[in-house]
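One letter stands for each residue in the lines below.
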Amino acid sequence: MANPNLEMLHGMLYGKGIRFGRLSGLARIIAAMTGDHADVVPFQGPQIHDHAMTVAKVPARKYYWDADLLVDVHLAVCRWYGFDSATIVADAYNLEVEALGAKMIYSDYAMPTVDVSDPLIKSPSDLDKIGSLDPSKGRIPYGIKIGQLFLQKSPGPFAGGFFCSPWSLICQAMGYPKAVRALKRDKAFAQALFDWAENQAIWPYMQALRKAEVKNANGADAWAAFPELTPELVEEWIVPSADRLRERGKKELGMTVSAGTAAADYCEEDIAKFDKEVMFKCWTAAAKTFPLKVAFSGMGRTQEWNMHWLQEYAVKAGTGGKKLPVMASLNGRFMRDSEPEQIIAKIAEWIDILGRDGRMLVFIGNVPADTPSLNVHTAVNAVRTLGKYPIAKDLSKIKVDSPQFKPFDEWLKDQPEADIIFKSRQSKAN
Amino acid sequence: MSDEKYQAISKAVTEGEDIQTGELVKAALDASLPPLEILQKGVVDGITKAGELWKANQYFLPDVILSADAFKVGMEVLDPELKNTQTGPSRGKYIIGVVEGDMHDLGKSLVVALLTSAGFEVVDLGIDVPMDKFVEAVKTHQPTIVGLGAYMTTTMLIMKDIIKELSNQGLRNNVKVMVGGVPTSQEFSDEVGADAWGRDALDAMQKALTLVGG
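Each protein sequence line maps, in turn, to chains Z and D. Heads up: the first sequence at position 373 corresponds to 373 in the working numbering, and the numbers run straight through without jumps. Heads up: the second sequence at position 201 corresponds to 201 in the working numbering, and the numbers run straight through without jumps.
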């Protein structure tokens, strides 16, 4: 079954108890999101561009310019790991400011990054000088092509384009400290910044995406995660901005524009400061911008969280007697730094708390470049083993075998992406 | 009277009132109050209180940013006077920079502010700092501690090379190395052979004080 609509229908029916056939990855996710549960807890494809580049051993100066290569590397690496979906995104925070003239640093081994020592916006008067984004400039065409290829090669509800959400774009253009000062001390300037980001930077990009038949775009907003912004500031600035873009996208382009993804993501690092009340506020604010109605954990130090709190929130915030689906995200550094046994134990703990009543999905909050592949394979294998429904009464008695997998290069030889990946290794520049 | 002035400066820093902080510090200097007391009882007291509020979950990053800005303004006014004053023994020299290929400096700026307030003589190498520049700076300044920051999982890997190069050049035994930045962790710090990991700016300051026995 390769038709995403049929796969989604299959998932919906399965989730509602009409269980037949073997679920695809997409169907499994839909079953967990919309129904009681799937056959097994789904493992969503994480943001993985740095790590995928490292696994595929492709040069950064080609990977971050060549949409075909970036998409094929993502698809191959996600399939190698066995995720239930692919998330395909490049350096989502850079494309608009780069095209508008921000100074960038390019590297042989890392993604491009904005030179914050010489920001695009130094004073309010710069807003008038920058002008509107020209979608033919910089790497905007690359972003558009990634969206097209994603839809073409891995169609479904999660496929589409990406952009940098207004608040993170403002931070990229002027630096977070000055941007946050504007929010707190100069609301008129802050509003002018949002107007500029939404209408002059992002909107032309959305128009170009739509023209290229990409009808769905997701806007990353990590600078709006907690504690960079409080949930109150997210409610005051990020949610209304996301609403404006969503409405305008729907009305003028017939397009789904989802800004503010990862806003209010609870990323407190200090365990001693974990605060249930603040977490609940964050999850509530996050749900207002996140494209899916879920209890969301993203990039935070989730390995130390009390997951009973997330479960309690999901039950309270659910409707019709069903809890909100829970996105349980393994922290990227935890994935990189842990032994496989620790990963298995963490997944067992989470499934025990969050998965017994279904509506649980597992995810990784941005996989670091140097994460051992064994750890990612271990996580996927552990979820597949421990997350089978009905969940075993005593998960400690379930043995999770070591994952069996071929080295990436050996596996790749038989894959459709082999040619582009192997050839790109011979190229050093775009 | 002087205590009231110090309290007002401290309050302005804590509340992130940068313009007011500058004016109050200038007024205190004009009133011939000792620069060192203005520093300790006013500016540093204010940023310390902001740090305490941050730790107690009453302040969040936007609040700390405003306090750090006010602290910076206060220090700019105070600095020329402090240089003319015997400020007593420093905690030592601390070289800090964000590694090559990485331009993120928010965390570093906060660490610099807090280290300065704790009495370190900070040499800020800035962002996108090549390995050779770190090594040269260690040779030139002979610091007690060198701090390496990175924000990306790709650039953080350079930290290991820098620490190795310090060893190769016979400099490692004479300097403590700290690492920090969003993608780093205690495990990473151990793996690259650093002496300490700063989880956040306040933690970095406290670990630095521990390293110098203070």
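I should point out that these hints are in silico values taken from the structure, not numbers from a laboratory. Since this is a predicted model, take the numbers as computed values, not measurements. Glycine is no exception: its CB is placed at the ideal position from the N, C-alpha and C atoms. A few of these clues could be false.
[Claimed, not checked] Across the chosen pairs, the derived CB separations fall in these ranges:
#1 Lys251(Z) - Pro130(D): 35 to 43 Å
#2 Glu76(D) - Lys251(Z): 47 to 55 Å
#3 Lys251(Z) - Asp161(D): 47 to 55 Å
#4 Gly101(Z) - Asn168(D): 36 to 44 Å
#5 Asp195(Z) - Ile19(D): 20 to 28 Å
#6 Asp161(D) - Gly101(Z): 40 to 48 Å
#7 Pro372(Z) - Ile19(D): 44 to 52 Å
Hints and how they fare:
1. Lys251(Z) - Pro130(D): 35 to 43 Å: About 50 Å separates the Cβ atoms of Lys251(Z) and Pro130(D), which means 35 to 43 Å is violated.
2. Glu76(D) - Lys251(Z): 47 to 55 Å: Holds, since Glu76(D) and Lys251(Z) (Cβ atoms, about 49 Å apart) stay within the stated range.
3. Lys251(Z) - Asp161(D): 47 to 55 Å: Holds - the Cβ-Cβ distance for Lys251(Z) and Asp161(D), about 52 Å, lies within 47 to 55 Å.
4. Gly101(Z) - Asn168(D): 36 to 44 Å: holds, 41 Å
5. Asp195(Z) - Ile19(D): 20 to 28 Å: Holds, since Asp195(Z) and Ile19(D) (Cβ atoms, about 26 Å apart) stay within the stated range.
6. Asp161(D) - Gly101(Z): 40 to 48 Å: Because 33 Å falls outside the window, the suggested range is violated.
7. Pro372(Z) - Ile19(D): 44 to 52 Å: Since Pro372(Z) and Ile19(D) have Cβ atoms about 51 Å apart, the given range 44 to 52 Å holds.
Going through the hint list in order, the structure does not satisfy hints 1 and 6.
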